[in-house]
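There are 4 protein chains.
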Amino acid sequence: MSKPLVSPVLAEFVAATAGRNMTRAAYVAVATGVGMMVLLTVDPAYQAAHHWVDAVLWACLSFFIFEWVVRLRHAFLADRGLAYAVSGRGLVDGVSAAAVPLALFLGADPQSGWLLGVFWMFKLVPGIPGLRQLRRVLVLESGPLLSVLVIFLMVLFLSSVAVHFLERDAQPVAFGSVPATLWWAVVTLTTVGYGDVVPVTPLGRVLAALVMICGLGVFGLWTGILATAFAAETRRDNFLKTWETVSKVPFFAALGPSAIADVTHMLRTMDLPSRTMIIRKGQAGDCMYFIADGEVEVDLPGKKVTLGAGAFFGEMALLGNNLRSANITTTRVSKLLVLDLVDFRMLMARHPDLAETIDVEAKRRALENK
Amino acid sequence: MSKPLVSPVLAEFVAATAGRNMTRAAYVAVATGVGMMVLLTVDPAYQAAHHWVDAVLWACLSFFIFEWVVRLRHAFLADRGLAYAVSGRGLVDGVSAAAVPLALFLGADPQSGWLLGVFWMFKLVPGIPGLRQLRRVLVLESGPLLSVLVIFLMVLFLSSVAVHFLERDAQPVAFGSVPATLWWAVVTLTTVGYGDVVPVTPLGRVLAALVMICGLGVFGLWTGILATAFAAETRRDNFLKTWETVSKVPFFAALGPSAIADVTHMLRTMDLPSRTMIIRKGQAGDCMYFIADGEVEVDLPGKKVTLGAGAFFGEMALLGNNLRSANITTTRVSKLLVLDLVDFRMLMARHPDLAETIDVEAKRRALENK
Amino acid sequence: MSKPLVSPVLAEFVAATAGRNMTRAAYVAVATGVGMMVLLTVDPAYQAAHHWVDAVLWACLSFFIFEWVVRLRHAFLADRGLAYAVSGRGLVDGVSAAAVPLALFLGADPQSGWLLGVFWMFKLVPGIPGLRQLRRVLVLESGPLLSVLVIFLMVLFLSSVAVHFLERDAQPVAFGSVPATLWWAVVTLTTVGYGDVVPVTPLGRVLAALVMICGLGVFGLWTGILATAFAAETRRDNFLKTWETVSKVPFFAALGPSAIADVTHMLRTMDLPSRTMIIRKGQAGDCMYFIADGEVEVDLPGKKVTLGAGAFFGEMALLGNNLRSANITTTRVSKLLVLDLVDFRMLMARHPDLAETIDVEAKRRALENK
Amino acid sequence: MSKPLVSPVLAEFVAATAGRNMTRAAYVAVATGVGMMVLLTVDPAYQAAHHWVDAVLWACLSFFIFEWVVRLRHAFLADRGLAYAVSGRGLVDGVSAAAVPLALFLGADPQSGWLLGVFWMFKLVPGIPGLRQLRRVLVLESGPLLSVLVIFLMVLFLSSVAVHFLERDAQPVAFGSVPATLWWAVVTLTTVGYGDVVPVTPLGRVLAALVMICGLGVFGLWTGILATAFAAETRRDNFLKTWETVSKVPFFAALGPSAIADVTHMLRTMDLPSRTMIIRKGQAGDCMYFIADGEVEVDLPGKKVTLGAGAFFGEMALLGNNLRSANITTTRVSKLLVLDLVDFRMLMARHPDLAETIDVEAKRRALENK
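Those sequence lines, one after another, are chains Y, H, F and C. Counted the way UniProt numbering counts, the first sequence spans residues 1 to 370. Counted the way UniProt numbering counts, the second sequence spans residues 1 to 370. Counted the way UniProt numbering counts, the third sequence spans residues 1 to 370. Counted the way UniProt numbering counts, the fourth sequence spans residues 1 to 370.
Just so you know, the hints here were simulated from the structure itself, not pulled from any lab data. Each hint should be verified, as a subset may be incorrect.
As the list makes no split between identical chains, a pair holds if one copy fits it or if it spans any two.
[Said to hold, decoys possible] The list that follows gives simulated cross-link-like pairs (lysine-lysine, BS3-like), each with its CA atoms no further than 27 Å apart:
| # | residue 1 | residue 2 |
| --- | --- | --- |
| 1 | 248 | 363 |
| 2 | 241 | 363 |
| 3 | 281 | 241 |
| 4 | 303 | 241 |
| 5 | 304 | 241 |
| 6 | 248 | 303 |
| 7 | 335 | 281 |
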């Protein structure tokens with residue numbers, strides 16, 4: 001993609017930098033840079049360490065500039081330079097690289113200029129796992145959320161004017177103007193309650209009590225909307241993740257699409273690294289596993305059995321024997337489908353053929369291991 | 001409806017004012033008027049700008065008076081003058097127009113009189129999008145919400161009397177009477193916690209801790225009720241909005257009412273302005289679209305295809321190929337129905353004939369575009 | 001049950017008092033008594049009104065004593081005197097009647113003694129509408145709620161000890177003992193945050209931040225449990241209330257029990273007093289009504305039609321014509337079943353015979369009123 | 001398992017200590033020890049009681065050391081000494097026994113050393129009833145919860161830097177460094193709002209208002225996630241608990257697995273001690289009971305009838321007669337299945353044969369008791 005510059009290691013690093021995901025170096029640079037930026041603000045005591053703090057900050061900045069340049073070059077080579085430059089990610093990269101030098105160049109003092117390093121944190125955004133899900137919730141529920149916000153603002157404004165009218169004589173400084181009472185209203189409505197500005201007249205306090213109760217109501221509506229939307233989104237996400245996996249497991253693939261959709265609702269995917277113990281002998285079990293991808297090793301007395309993609313295990317826990325009878329460990333990166341005891345009952349009820357297959361296999365194994 | 005007064009532009013404006021919805025001028029007047037009213041309260045510094053602030057306020061007020069008069073006249077011409085005058089909207093218009101002049105006429109000083117301009121904000125109420133929905137939630141759940149309110153009031157009262165008994169000797173001013181301790185109780189129960197009045201005796205603090213925990217409980221109940229009701233209301237609203245659209249799309253209209261009800265639960269309507277990009281080439285897709293109304297343009301390599309009402313697109317993303325293969329843009333105001341990947345699986349399972357129609361069309365298109 | 005004492009009016013009043021429900025006089029007495037008790041605590045200014053405040057309090061107290069005596073006598077006549085005396089209601093009546101005199105007799109000063117009048121409020125408990133529902137939620141979810149409480153207490157305790165260790169040198173008064181820090185912890189964990197006691201050392205603040213985040217978590221769990229349970233309880237309550245009514249309406253009674261259970265989920269009961277307008281001409285409608293009990297009057301142009309129990313109305317709004325075409329008013333206390341537009345679609349889909357009956361009747365009416 | 005040491009009582013006690021569950025003595029020791037530890041921190045007034053406080057603390061400590069030694073010995077005899085020592089429970093036992101002596105030995109003053117006694121509280125963890133359920137919620141929802149936490153941290157950091165920039169000139173002490181403003185941000189975002197540090201500049205307050213509103217949002221998301229997950233977990237838990245019981249009751253066992261799964265969702269288990277009144281004559285009833293295990297006594301006029309495992313009672317309340325007609329009491333520890341009125345309707349609709357069996361039995365009983 002980009003020809004070797006100095007050495008293969010550097011070339012590889014440049015290629016990784018040009019790619020979509022954060023490199024580990026980038027995570028380190030963000031953490032270090034932001035940490036140093038915080039240090040810089042602290043006080044003379046830390047100013048003693050002035051020189052190396054500065055040095056580290058410049059190093060981090062250089063890295064972000066390097067990152068931006070490599071990505072710009074890569075994008076231009078692929079004929080989508082402008083697209084990258086104005087995309088969200090390109091803008092974050094650009095601001096991360098250019099904001100601090102620009103500020104310093106324009107004469108900002110270092111303590112203010114380096115504060116712009118906080119924009120480096122936005123580089124972490126694409127790496128937040130559930131962000132896509134949260135964004136979908138906010139987009140889909142933007143209507144109701146906006147109404148609650150408008151109601152919030154109206155209550156805020158009305159109560160500010162009212163409390164200004166009621167309290168301005170008693171407390172001319174704190175309640176003497178509507179902008180000042182807006183501050184009180186927002187602190188009260190959100191139930192933060194700093195207590196720096198508090199009504200003292202009886203009528204002002206009655207009004208404040210009503211505002212607080214409205215605050216609870218707004219809170220409740222907000223939570224209700226988000227809770228509802230989140231529940232739906234979680235179900236959707238889990239279905240999508242599991243569906244792909246389910247339809248690749250031969251055990252389920254024979255079912256029609258209707259049954260697959262049904263079974264998908266009962267399963268949960270689990271991604272495991274190599275050499276992870278899934279089942280520990282002697283523990284109580286309440287689920288069974290299907291191997292969608294990878295391999296596990298069953299540590300039976302006197303022998304080790306290997307199960308590959310398509311096999312299942314742990315079914316004994318669902319068929320009467322609650323304690324696990326062997327250690328089971330992954331031998332490489334594996335993707336499993338987990339079937340919970342509750343859902344196994346449902347499966348038995350709605351897809352008796354699947355249940356029978358599991359039952360027969362379980363009996364065969366029990367005989368074999370006797 | 002109303003004969004031309006001075007010029008066609010004015011006539012049109014009067015007609016718009018007489019209509020049901022807020023004109024843009026009204027939005028501007030409300031925002032400006034309220035802003036100036038806030039400015040008026042600030043302090044001598046702003047009093048410097050006294051003259052033009054006053055001028056703008058009087059202009060806004062004139063507009064609201066004009067609006068009221070036009071609407072009254074319009075309503076009387078249509079023989080429902082009284083009905084309008086006593087309706088919610090008529091009262092808001094009337095108060096907006098008359099409150100400030102009346103107050104000033106009755107001798108209120110300007111800083112107090114203009115505060116009544118806050119009633120102008122109520123003109124915005126009919127424009128809040130989810131308000132109808134919120135009102136339904138509050139009406140339907142008024143029973144449980146009221147019980148929680150009564151419980152809240154009882155806890156408030158009992159804890160006020162108890163803390164008065166426990167703290168009155170230690171803090172005769174703040175806890176010396178039940179009305180004073182009611183203030184403390186409401187600040188604590190709503191978890192606002194200003195900290196202006198705080199119990200200091202050990203028993204008073206134990207009581208306060210119990211009150212705080214009750215506060216969490218009240219909060220939880222309140223939220224629970226609102227969340228539950230909101231979830232139901234959202235589903236209902238979405239169903240109503242989508243149903244009308246679904247039954248007009250020929251693709252679905254052939255289904256019986258039972259199946260339409262079922263399909264409606266899976267779809268979501270989307271209103272789009274003209275020239276909006278719906279699908280961007282190369283992005284990952286997880287839904288398909290049915291055109292209920294309007295038209296879209298598919299930007300295929302070398303040709304542009306236009307799809308009208310009744311057509312669907314984006315189905316490839318649901319049939320294995322996750323990346324969108326062409327830009328698709330609306331050519332005029334359009335109403336689309338969105339079918340999510342998860343729901344497409346359900347549709348496939350429960351209405352295989354629909355799924356097949358989509359499948360066949362997808363294959364035809366794939367061949368054509370090869 | 002009790003022979004006339006002085007006059008028929010008094011006899012009737014005694015009978016009402018002996019009955020299960022609060023008489024109006026009792027509501028007045030509770031409100032007045034508690035109000036006077038609050039007045040009593042206020043301060044010398046109100047002590048001016050000493051004599052009549054005292055008089056009113058003694059009057060209320062006499063009423064409660066009278067109430068208790070009448071009920072005791074009534075219960076003993078019915079041979080369940082002891083059962084009443086030790087029942088929740090009997091105890092509340094007894095304490096309401098005896099607590100204040102006993103306290104005054106034992107030498108409490110009036111300002112303290114009358115505070116016991118707050119127990120009068122418990123007489124309101126049986127009248128709170130949703131209380132039974134709330135109690136069921138608390139009983140059924142007592143397990144999870146208790147766990148959250150235990151976790152809350154453990155976090156409280158652990159953080160108190162830790163913050164005592166970290167802050168005791170910096171703030172020996174506020175954080176010098178674990179009971180003192182428990183106060184801080186409960187104020188922080190419940191997110192009340194008075195601010196009277198605040199950690200100042202860096203480590204103490206880090207700990208405090210963790211405690212606050214735990215507080216959000218506890219809050220969330222609490223709300224989650226209550227919300228879930230409340231949703232289930234609301235559905236149950238509505239089903240129970242509606243079922244009885246549905247099975248008495250001939251229109252639905254012909255259906256089998258399975259279909260009735262199904263239909264019950266779609267309906268909502270509505271109790272209306274006499275002469276209440278249900279439908280207003282010209283408004284948008286989104287539901288239809290079945291008369292379970294009572295009578296309504298349809299105000300058609302030129303004639304008035306009366307519909308009795310078993311009839312339905314408002315169906316046109318669900319069959320295409322969104323605006324109501326006539327005023328409809330109850331002529332006496334009525335119980336209606338409301339069928340929402342959304343649920344009407346479901347009904348149409350799942351019980352086409354019912355839908356057809358409605359459709360036929362709607363067409364007949366439309367013809368008739370042409 | 002362990003040979004008698006001194007006497008049978010001691011041997012039994014040692015055996016109980018070695019077992020999995022907390023003995024009553026352990027609960028007493030934890031409560032007493034922690035209580036004394038709290039006393040120790042209070043102040044000179046309590047130091048008067050120095051000697052016996054110390055004595056009790058040493059006694060508790062001895063008990064925990066004894067417990068640890070007994071369990072270690074027991075575990076080594078069973079050849080799993082190391083497994084116990086490094087298990088969660090073993091570590092808690094070890095730390096409970098060793099932390100305080102070690103601290104005192106290393107020269108900590110008693111007031112600090114004994115604070116480590118707070119670790120004794122962790123011995124209570126396995127006894128918290130719903131903990132397993134809560135842990136499952138946290139594990140299953142760790143993804144979304146983590147995203148919310150990351151978002152929380154990003155908002156925290158960005159707002160800290162911004163408020164530092166805006167307020168550092170006005171309040172150099174409280175907002176002079178980013179760590180100091182982080183304290184403000186966390187206090188504000190969690191809506192605790194101590195009020196010890198409050199922005200005073202107009203821009204700082206606008207920013208603070210945004211942070212507060214974000215705080216509500218974070219709160220809402222958090223609650224939404226936990227509420228959703230908790231609802232699912234509660235359903236699962238109830239199903240698991242009930243399933244085992246249902247499949248053992250002959251009345252239900254005849255049904256196929258599909259129907260059992262269906263019925264299980266309608267029932268709730270109830271564990272009752274001996275001699276508990278389940279139904280009180282004359283009360284309103286809204287559920288019926290199936291005896292899964294144990295025995296109840298029906299107190300009919302003139303005779304007592306005993307019902308054993310497999311029988312049902314209370315069905316009259318669901319068949320028209322709302323008031324219970326007899327007292328029913330358990331005669332020994334019993335496990336009942338409760339069928340609610342709502343679910344009885346469902347059962348009638350979906351499993352008419354079961355409903356008929358109940359109906360026939362109810363009629364037989366009604367005849368018999370006439």
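Against the structure, the hints come out as follows:
1. 248 - 363: both (26 Å within a copy, 22 Å between copies)
2. 241 - 363: Classified as between; 25 Å across copies, 32 Å inside a copy.
3. 281 - 241: between (30 Å within a copy, 23 Å between copies)
4. 303 - 241: neither (35 Å within a copy, 36 Å between copies)
5. 304 - 241: neither (31 Å within a copy, 35 Å between copies)
6. 248 - 303: neither (30 Å within a copy, 37 Å between copies)
7. 335 - 281: For residue 335 and residue 281, only the intra-copy Cα distance (21 Å) is at most 27 Å; the inter-copy one is 31 Å.
The structure does not agree with the numbered hints 4, 5, 6 stated previously, though it agrees with the rest.
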